[in-house]
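**Q** Here are the chains, one letter per residue:
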Amino acid sequence: MGEETATPGDITILLKKWSEGQPQALDPLFELLYPQLRFIAGSMMRQERPGHLLQPTGMVNEFYLKLVQQKRLQFDDREHFLSLAARFMRRILVDQARQSGSRKRSGTPVVLTEDLSWVAAAGAEMLDVDRALEELQALDERKCRMIELRYFLGCTAEETAELMGLGKATVDRELKFARSWVQERLSR
Amino acid sequence: MDSANPTGVNVISDATHWEELQRLFDLAGAAPAAERERVLVEACGDAEVRQRVMALLDVSEQTVEARPQGQRIGPYGIIGTIGSGGVGTVYCAERAIGGAVQRVALKVLAPHAAGASFIDRFAREQEILATLDHPGITRLLDAGLAENGQPYLAMELVDGQHLTAYCKAHTLDIPARLALFLDICGAVEHAHQSGVVHLDLKPSNILVTGAGVVKLLDFGTAKLLQPDGTFTAPIMATPAYASPEQMRGEAVTKASDVYSLGAVLRELAGQGAEGDVSTIARKCMRGDPRERYASVAALAADIERYVQGRPVLARPQTLVYRAGKMARRHRWNLAVAGLSMAAIAGVAEYSSWKSAQASRQQVEILRQSVESEYAAMLTYGSWFYSAPETNYLDRVRKTVEGIDPKLLTPGLHYILGTSYMSLGRTYWSPYQASRLMVDESARAYRTAMEHFRMGLAGAGDTRRAFVIQISETAMRLAEEGVESGQGLQAYAPAFGPLIDMLHAPRDASTLAAAGADFDMLSDRLGKKTAWRAEELRPAPANLRELAAMPLSRATDLAAVENYQNSKGMASVAMPLVDLQLGRLLAESGHPEEGRRLLESASAACDAHRKSALPDAAPWTSRFAGAQAQLGRIDESEGQNARALERYSTAREAIEEVHKTQKQPYYADRVAVARMNAARMLVRLGRSREALPLARSAADLFREEASDARTPAERLELAAYYLLTVEPREARDPKAARNAAAGAVERSARRMPSYLVTLAVAEFMNGQNEKAEADASEAEALYRAILPSWSILFAGAELAEARRAFSSIALLH
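Residue numbers (this note's numbering), protein chains in the order written: chain A, 1 to 188; chain H, 189 to 1000.
To be clear, the hints were calculated from the coordinates, so they are not data collected in a lab.
No farther apart than 20 Å at their CA atoms in a straight line, the calculated lysine to aspartate or glutamate pairs in the EDC-like style are these: (1) A/K168 - H/E455; (2) A/K176 - H/E207; (3) A/K176 - H/E249; (4) A/K176 - H/E208; (5) A/K176 - H/D214; (6) H/K356 - A/E158; (7) A/K176 - H/D246; (8) A/K176 - H/D202; (9) A/K168 - H/D214; (10) A/K168 - H/E207; (11) H/K798 - H/E844; (12) H/K958 - H/E933.
Construct the complete structure from the given sequences, taking the supplied hints into account.
**A** As structure tokens, then:
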């Protein structure tokens, strides 16, 4: 993926656009950042033998350090980065599930928990979660983002509220509903 | 959960009632279970909406409280749930001891987490808890296995509140909070004295009882320190409380807990904290572990000093002080680098004229200097060393190149190898993923590989360490190769080292790790061969080589590795390797080698399933897999009768498994096995016999299978099958159309792949106009979806789209 096209400036601009509510900026962002993040994920999975587990916090942190330490990219704030990272985590898990193939189904649906990313990482059931979240996103983008932050990145409810600029009570309420909705989709 | 939709009528569209659903969900959720129906009836006139809310509430409760009250785990009866997380659930439970009833907190591993690594983690927590005895640490009372083999830990039941909640509820002032904090320090210090670091200290892991006694919980992430006081394994941590080194996955020490305690202190003291308390917290939370308090005891002493009104030791650092510190640090760094450069240069010079007789002492100097460089690199992070001005490794390499490699000890090779590995990793940094960097990275890995190989040659007892590194490096090189566009063939060379690893060591965990890698590797290759077979065609030479190796060691390995003590992993690994490799060889154009391995895998799996193992089903299933693969080889060679025999054996085996394990996965496999057999029967002119097999396969697809998890997906699969099954007499376009229409109806969103299937089915039923309309809708949807998804899953999604379009095109 071209260095010619991916200047840090582009990324900063795209990130800013995205954080200002232009969702269409997300896809080019993925295109620019995903290969690196996936590589980090790959390396970390190698270290995490024998279970091939992902550690969302460690991974996202390494990603962040790489971006910031090398002064390649300035994030205005942590919030934007984490929201982006949550979305990445979801894609990585889905990608991983696709790679592991549908043969590795355990037969039980995924349960959304804050440790989801490292517990259920490779299962093909993750594809179902992704599908359900796509449906949720179409219905209610905000709830989908909450789920990503809370369960894919492992943020606490408080952090999720802070990151989204919402009250904790709102997040608790909406998350409870959204989680049930997703679980219900998965258990069908 | 069909309670949401018991009669099969349309699920109401959530979209139109979305806000109302949330409102009613909150309303009814707040009411006691018995009152919910009534509350809902009062609030909402729509029975369908009410039913939907009830279904969601049911799920909400089921997924939290996975285990019903009154169930028994070991000697304990469950009373209620205390909390649940990703790896398990903590129950309140009780048992009778003598005449008394003992209440405990029972921690049980979640069924989905019951992999070997989690069981290890669980066992470690047990081991760690058993070494600790302090009033501030929850005590381990008992541990064991439930009837179903699930491990549990019974711990002291603490009736208390989380730290922050307790402080709020009791409106504690700063001195009272600090007193609690000192108790926490006492408990952590006790753990440290016992060689245990907690690594996940945070308010939610600290309870305070009604009597004000502090209790540390959750040693699930705790580690026993190694003799040098460090531990480097990656650790699950909570970002707000974890130290930077822990977040980076670097060596952690007691200083990492000091950091977390600082974060807890900051939170405890709150915004109104006086200067000195926040200074103390800041000192705990310094980025460099060496600048923090040397121990928890030292931290506690400073808090006490503050409480007593004495000046604290954690003075704010002035800029000058910091600058001086930086300079010193840098100097130290340079000094180490300079020293080792001189030492290496010295050895090089010496060796150039007297290489054969270089003394051990000199090699020892070289070893020590490279080791200290290595330690420095670990301390400062490899990124620091990858900058051009500090790239010591390149200079080391230049110097080392002049030395007769025979003079380097295996240990030195090991260090150099791992250093190059880190170097290879850092080259692969974001925005530098240019061709040049990829090449650099690959070059570093190759150099690492050379060192490991040379080291291996001289390694005695440490052979295993080298073998592990070699296979690791091979995997990296492979990944690199794939990333840089060499295609999947880049994976091929990684097989050799992996096989070495599977054969050389006899310990279960290494085998299991290699087995998992191998599985992954063959899976990746195998998966892609389905639609990118040509990539593998240029016969990977060492796959052939591998096949020539004596791989039928499955049975003797199984005998060596006692089934129980290897936790089943070692004896599992070998037949699986044969199975995967055999499949791979067969699919990549080496039927003979493939057949040999598959025969051997099949025999091993058969032996396993017939022996008195606790659970024969997985082996029967693998046996079926091997037989089916063998059948596929026969089929590809046109040996239909032989293929039928194989497929039938596979079918019987997998049916046997499915009888006891009613899982969709097995249903799916039974259906496929029946399809395979039916196809062969058709080819042999025995369609009459094929028909019932094909029909029963279709039924299975529709009812129980499969890959599909949602009813919609299942219906779509059934439709697809009903349209394409052999013999043709078993095809049923009408049923297929109904199934496909059901799939479209049942999905909350318009799914293009379902629409394609529906269109095809409609076409087969002569409904050309409908087919046209559905196909063009599908095409429009694909066009809308693909630009974004093509980035990630370009291959799979596009292939699917292409397949869909071409089937439409074929029909027109």
